[in-house]
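Chains as they are written, first to last, in our numbering: chain C, 17 to 184; chain Z, 17 to 184.
A hint or two may mislead.
Note that the list lumps identical chains together, so a pair holds whenever it fits in one copy or between two copies.
Stated by the list, open to error - Keeping only pairs whose Cα atoms sit at most 20 Å apart, straight-line, the calculated SDA-like set for lysine to any residue is:
| hint | residue 1 | residue 2 |
| --- | --- | --- |
| 1 | LYS178 | ASP33 |
| 2 | LYS178 | ARG162 |
| 3 | LYS178 | TYR167 |
| 4 | LYS178 | SER46 |
| 5 | LYS113 | SER69 |
| 6 | LYS113 | ARG25 |
Source of the hints: derived by calculation from the structure; they are not laboratory data.
Protein chains: 2
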Amino acid sequence: MAEFSTDTRIRRLVRADRETVRQILEATGSFTAEERGIALELIDEWIERGEASGYITSVIEESSEQVRGYICYGPTPLTDGTFDLYWIAVDSTAQGKGYGQQLLRRAEADVRQRGGRLLLIETSSQESYGSTIRFYERAGYELVARIPGYYRPGDDKLVFAKSLADVG
Amino acid sequence: MAEFSTDTRIRRLVRADRETVRQILEATGSFTAEERGIALELIDEWIERGEASGYITSVIEESSEQVRGYICYGPTPLTDGTFDLYWIAVDSTAQGKGYGQQLLRRAEADVRQRGGRLLLIETSSQESYGSTIRFYERAGYELVARIPGYYRPGDDKLVFAKSLADVG
Numbered sequence: 017m018a019e020f021s022t023d024t025r026i027r028r029l030v031r032a033d034r035e036t037v038r039q040i041l042e043a044t045g046s047f048t049a050e051e052r053g054i055a056l057e058l059i060d061e062w063i064e065r066g067e068a069s070g071y072i073t074s075v076i077e078e079s080s081e082q083v084r085g086y087i088c089y090g091p092t093p094l095t096d097g098t099f100d101l102y103w104i105a106v107d108s109t110a111q112g113k114g115y116g117q118q119l120l121r122r123a124e125a126d127v128r129q130r131g132g133r134l135l136l137i138e139t140s141s142q143e144s145y146g147s148t149i150r151f152y153e154r155a156g157y158e159l160v161a162r163i164p165g166y167y168r169p170g171d172d173k174l175v176f177a178k179s180l181a182d183v184g
Numbered sequence: 017m018a019e020f021s022t023d024t025r026i027r028r029l030v031r032a033d034r035e036t037v038r039q040i041l042e043a044t045g046s047f048t049a050e051e052r053g054i055a056l057e058l059i060d061e062w063i064e065r066g067e068a069s070g071y072i073t074s075v076i077e078e079s080s081e082q083v084r085g086y087i088c089y090g091p092t093p094l095t096d097g098t099f100d101l102y103w104i105a106v107d108s109t110a111q112g113k114g115y116g117q118q119l120l121r122r123a124e125a126d127v128r129q130r131g132g133r134l135l136l137i138e139t140s141s142q143e144s145y146g147s148t149i150r151f152y153e154r155a156g157y158e159l160v161a162r163i164p165g166y167y168r169p170g171d172d173k174l175v176f177a178k179s180l181a182d183v184g
């Protein structure tokens, strides 16, 4: 973490973090109530069942021990070595500090260690104009598929992918 | 159903059908043990929770009341009007009778009635060579996305889609 000016720590999410993450999801304004509900369901699965849930969930906290963001990912069922990034969010007051990229890089390292070779991110074309696309491109992701009208008419599903094989 | 020579009936799956469908899934030889396990999990959700499960499951039976195939589909979470076809299987002894197409058309009609406008089918490029691709193309589906190496290196995910809007 020495490469960032603010000291941070990434660790697994525990039950005590749930309310903070719920607030972060709400404050970003990027998610609908339904989306936040599903994000919290995955978190609850992780809290209850740990790795068996299939949803590995970590938070990033500043030296103050204030949690500022989280990431949720896991092995894609029925695949050999593919993982999905299910959710990532950073507190609106802590944007621009590279916390999202830190969370993502740590997740990629963890996926590699688990034998993962491909990490996928599904997102909406409506959400993805601008900053979200740039975020993933900066992290080395490539747009590999688009499903027209997936979310609603005019709102496509975009699938970004990064190959983790043969990368340091 | 008058358009087929064998009289058939399509109805919702009930608990008593579970073992027959389990045998059909096994006998086709098209599914791994893991895939069959997931197919049965969805069926169990449907049996336990009905429509609330999100997995609408129907069987096709011949006039002998012998169940010969099944289909499982449901609304795609976080979308407005998109549905996924999760599973379809026809008994290996009853192939070539059009049962798969019957199940699919009935599912499409049901999806339309529920306000669905898009039906998606995800499949493996390895499985899909030949008969599976032809099955979906004959039913009016179009290949809209391919995710390279999704299932394993060299085995891509294919996404077929059919627009159900403005269709009789």
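Here is what the structure says about each hint:
{"no.": "1", "hint": "LYS178 <-> ASP33", "verdict": "neither (29 Å within a copy, 42 Å between copies)"}
{"no.": "2", "hint": "LYS178 <-> ARG162", "verdict": "both (15 Å within a copy, 15 Å between copies)"}
{"no.": "3", "hint": "LYS178 <-> TYR167", "verdict": "between (23 Å within a copy, 15 Å between copies)"}
{"no.": "4", "hint": "LYS178 <-> SER46", "verdict": "neither (23 Å within a copy, 29 Å between copies)"}
{"no.": "5", "hint": "LYS113 <-> SER69", "verdict": "neither (30 Å within a copy, 41 Å between copies)"}
{"no.": "6", "hint": "LYS113 <-> ARG25", "verdict": "within (13 Å within a copy, 61 Å between copies)"}
In summary, the numbered hints that this structure violates are 1, 4 and 5.
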